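For this one, chain F is given, so just place chains Z, E and C on it according to the hints.
Number of protein chains: 4
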Amino acid sequence: MTTVSIIGGSGYVGGELARLVLSRKDLELVQITSSSSLGEHLHSAHPNLRGLSDMRFTSPEEIMDVDVMFTALPHGSSNSRMMELLDHAKHVIDTSADFRLNDPESYRKWYGKDHGSPELLPTFPYGLPELHRAEMVEKGRAAAPGCVATSTVLGLYPFRMIAKRVIVDSKIGSSAAGRSASESSHHPERSGVIRPYAPVDHRHRAEILQETGVDVMMTVHAVEMVRGISTTIHIELDKPLADKDVWGYLRAAYRNEPFIRIVRSSKGNFRYPEPKILSGSNYCDIGFELDPNQKRLVVFCAIDNLMKGAAGSAIQSMNVILGLDERLGLEFPGLHPI
Amino acid sequence: MTTVSIIGGSGYVGGELARLVLSRKDLELVQITSSSSLGEHLHSAHPNLRGLSDMRFTSPEEIMDVDVMFTALPHGSSNSRMMELLDHAKHVIDTSADFRLNDPESYRKWYGKDHGSPELLPTFPYGLPELHRAEMVEKGRAAAPGCVATSTVLGLYPFRMIAKRVIVDSKIGSSAAGRSASESSHHPERSGVIRPYAPVDHRHRAEILQETGVDVMMTVHAVEMVRGISTTIHIELDKPLADKDVWGYLRAAYRNEPFIRIVRSSKGNFRYPEPKILSGSNYCDIGFELDPNQKRLVVFCAIDNLMKGAAGSAIQSMNVILGLDERLGLEFPGLHPI
Amino acid sequence: MTTVSIIGGSGYVGGELARLVLSRKDLELVQITSSSSLGEHLHSAHPNLRGLSDMRFTSPEEIMDVDVMFTALPHGSSNSRMMELLDHAKHVIDTSADFRLNDPESYRKWYGKDHGSPELLPTFPYGLPELHRAEMVEKGRAAAPGCVATSTVLGLYPFRMIAKRVIVDSKIGSSAAGRSASESSHHPERSGVIRPYAPVDHRHRAEILQETGVDVMMTVHAVEMVRGISTTIHIELDKPLADKDVWGYLRAAYRNEPFIRIVRSSKGNFRYPEPKILSGSNYCDIGFELDPNQKRLVVFCAIDNLMKGAAGSAIQSMNVILGLDERLGLEFPGLHPI
Amino acid sequence: MTTVSIIGGSGYVGGELARLVLSRKDLELVQITSSSSLGEHLHSAHPNLRGLSDMRFTSPEEIMDVDVMFTALPHGSSNSRMMELLDHAKHVIDTSADFRLNDPESYRKWYGKDHGSPELLPTFPYGLPELHRAEMVEKGRAAAPGCVATSTVLGLYPFRMIAKRVIVDSKIGSSAAGRSASESSHHPERSGVIRPYAPVDHRHRAEILQETGVDVMMTVHAVEMVRGISTTIHIELDKPLADKDVWGYLRAAYRNEPFIRIVRSSKGNFRYPEPKILSGSNYCDIGFELDPNQKRLVVFCAIDNLMKGAAGSAIQSMNVILGLDERLGLEFPGLHPI
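Top to bottom, those sequences are chains F, Z, E and C.
The letter at position 57 of the first sequence is residue 57 when you use this note's numbering, and the numbering goes up by one with no holes.
The letter at position 32 of the second sequence is residue 32 when you use this note's numbering, and the numbering goes up by one with no holes.
The letter at position 204 of the third sequence is residue 204 when you use this note's numbering, and the numbering goes up by one with no holes.
The letter at position 236 of the fourth sequence is residue 236 when you use this note's numbering, and the numbering goes up by one with no holes.
Hints are computed from structural coordinates only; laboratory data are not their basis.
Certain hints may be false.
Unchecked claim - Reference excerpt, derived from the structure (chain C facing chain E, CB under 7 Å, subset only):
(1) S175
(2) R261
(3) F270
(4) G334
Claimed, not checked - Some chain C residues well away from chain Z (every beta-carbon gap over 12 Å; in silico):
(5) H88
(6) R108
(7) W110
(8) Y111
(9) G112
(10) G116
(11) H132
(12) A134
(13) L237
(14) A242
(15) Y249
(16) L322
(17) G323
(18) L328
Claimed, not checked - Which residues of chain E face chain Z? A partial, calculated answer using Cβ under 8 Å:
(19) K171
(20) P188
(21) E189
(22) V193
(23) I194
(24) R195
(25) P199
(26) M217
(27) T219
(28) V223
(29) M225
(30) H234
(31) E274
(32) D291
(33) V298
Treat the numbers as computed from the prediction; the structure is a model and nothing was measured.
Every residue gets a Cβ at the ideal spot worked out from N, C-alpha and C, and that includes glycine.
Just chain F, same shape as in the assembly (with noise of 0.2 Å):
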């Protein structure tokens, strides 16, 4: 049996964590930390969870030894704290995003302040494990990428090569920022909207350049959405390309991947990637049309912003270090209706 725990677990990502570890037979959760639930059942935060589990929040001050600790606390919280959590578990997954970016000095500028532990950046492989599975195994960590980012890098990742200008267009649902009621998530003034909310240098533009080596021109809309990420990159070809090399690239990257689909039909409401089927699945559905005469490849690419996005990416890490299949635990592949 392997111990789990949580640290930070009162958010969106921590409970999706939760959820994930508590369907787990060959896992233990063993804490779950917050600060604002502490001592109240899991269901207070997460109701969804009731009647599955009689745990309760404890305090962050009272950290428990564990195989695996999954850290969830909010952005610029984790990195001064990182090295004293460390000493508590062998394998530590961070959902923040504070261990995303390798390079101290990129951190500083995307986040206006220096990393409070710049020498353990380079021991959290970026946590996709489509694209650093190796490195998760050998350094035994992982910090899981932005939601957004991983829309745009799954996408852009096969094309990089001959991806020189590329507009990225992304739509997101509320859930993506996070838990903390304030005016701009109001029910009455977010409902229904197309929200130019970051027009121009979102900070996941650090990590898609890092990953990809493009620097994307990116504009990113809240829409009336709770789950889910729906990312539409405009790549601007500088020779036309035909369907099959398309599809050639996707497959050269993606053949064996369990998460990623390709997903392109000649008919049907869902002939590309949709986020509103993905609620709760792990997967990432990509697309693509090419527009004819005018060198543009259009890759859509969508995901589940707290699963792919977030906790599922996590978990499929914590697989992958742990020597597991990829998929357990992350089988359940989203509704329809819904």
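For chains Z, E and C alone, kept in the frame of chain F given last:
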């Protein structure tokens, strides 16, 4: 390995049955039929199943022999054909409205025509394991209840002896009307409504009367939601009740039921049952409140109409009939947020 | 030119009042106050008003003299300050809960504290012109009703003499809770709910009793909608009614009312009242159905909670008081589709 | 009094035209035709118009003589019949796609067949008053633009001289697909999608090229919304621009335009154009941001597809042609919250 077939598999209930059967290692889906999707892959009708199976829909004219057959034909279609279908399966679980009512007279009254196989009616127990577990085992069959009826019967059943005058005000999602497009399901018309689609005289009243002995007054509203039902049951009381009395009735009825949860909290956003966090789960959440000095008990009951309200109850019934753990394959707890 | 001020103008009701006043050529908006938005343009709080006016919010400490003052302060804030405000206006229309109840005892019971100016209560007629037109003209004041109360009172009023036992099941949009963000209005939590936010004992029961004489049993659900209320009133009858009787009661009450429409069609998607097509309009749509053999009359009542449920009724009351055509400035019929 | 007819009045654009014409005291609606709703009251198709008019739909075979005729027939239906219709009206404003393109070759290319009345094409100015005011007055006709085209042309027009490579990523509501129910508009399928319904090669590219000289690369997504379009125009720049340059281009193009607002705020939820607050209004809101160091100008353009994207522009064009104040009957500013 238990062999399974789904007769009429391209509708929403058929899709959920396929998802649930395909997730099981102890079941083998050997046939799924569809006239409209004949020859196509499962994921053409059920896009969430992409990559899970290579099966294709076969003709409803050639029925294979199996251990368990789920019939998910349109209402009225299975009653005349059931005799033939019974030859091909040890156990049959019907999800249409055709075998829910025990009394052919009641069927004629509510469905406007004679039943095609009245002699079979007594052989199909009403498909709520909570009420008919022993009978299902004995007869090896079940008729899965209507979705509005499920939420009403399960909420009302514990109080049937004290409920004289009952008003049921139900709110349901668009998937309850099935997969066929119509003017009333056109997105610009259906979106955001609170539409009294059955202001009086909903057919499910017949099932509710049969199962609880109460002839409820019922109004059903279509609301903005794809999956889910929330039924509010207003029970007028002859004499005042205390909270502990209500808890007593509920515990007496459901103490050991694996899929019924009593939801009643003093704080938080999910103090009472909420269908949105039940998508994909088989739970029936029940909550209540007493109207001080007014002799009214309000019972709230929430389900996923395609799960506990259809395919989930059907799988649960199969588990009962096969002598398995009832929870098998129905462990998904639902998502939050969603 | 009639001069108008809005005291407490940055909330949702204040915004609607501003929109309605600015659209009028016979009215001059001379002041709109706000503590939180002091010094900012109207469109900072009310983005739909961009370009319509150069006004800025002024301090609530310096009140100008006007012909008509609308007070849209938070509940509990206007009752102690009203005496002072009355000095600055010929006519005052209050949209808070403070002056709706005639009886200080009732106020204490439902709002949990003593009223600050009980002697003023009799000077504010309940602000439904349909019920208190003459009294408004006489007193030159009005207290705009609560939004849930409006939909219940107007639906129940015609039947008050035959309604003994009444159960009210109301469904309301998120704007009814006002402009302040909270955990319960956080989009991922609020989106898609059918939340029993007032399972019993909603405060508006007091207004309903005062205006109809019926002590209703009431349950209010928050549903997925920003604007709008749909209230279903289940009236149990002592003796059967015929359709024509119901029409008779409705015509007797509302024959000449410009903002009440009886909505009952034999076909189409809008056979009964539907709040979604009332956004921005001042209509109160009322429909009904009789439960055959069950002695129940079901009345459906739909309004826009910010219009007929607040600002619209306030403007209509002003028109009445000023001796104008009641419909002035309230002609917008709502949109379809929306 | 100007007499008006609407030919093809049961669709969504026909309904908006009827609403706008009926709200005017200077216009008399003398005929509204419909094959499908022949003989029925207006409110059977347009429920928001209940109580506003006693008119009924008449046959499209008997056309009355009027001052202004709006044709709102399905695409392809008006081009062969237009010659006959022109005999019955001093002015004709067509809202179909049939007369938008000046060049019959372009029509054949994009609509797949020969135009039925190519000689009439030059007599219909493209129906954006912002670009063709004088020509409309001269010819007395207009061809209302496509809704996606409107949002793209108006956002791109000011920058057409510096826009070489342009990627358009548009998000549209379900009403843009019209009133006919289909599998793709079925609520359970359409709800909550981010569906790339036109991944490349949307027909409106032809209009955009004609009006701006730019051959845009275009992707259109169907999103969760009934009314509204938000179009994001990514313009790659040869050389960097400053904010004041962009303001300069915008002012040069739109300084005195009554229905174009530049929306760009430093705070609040509505810093950029947002379609949700434009429902029912004729505004075209335009905002922008410059990508630092990346030579990209992002332009955001939001409209109500049925108003500025169809019926609103048609009424505005009529006002221009008749020499009236352009804003007449188009004063509704939209609602907030909604």
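Checking each numbered hint in turn, tell me which of them this model violates, lowest number first.
Of the numbered hints, all hold.
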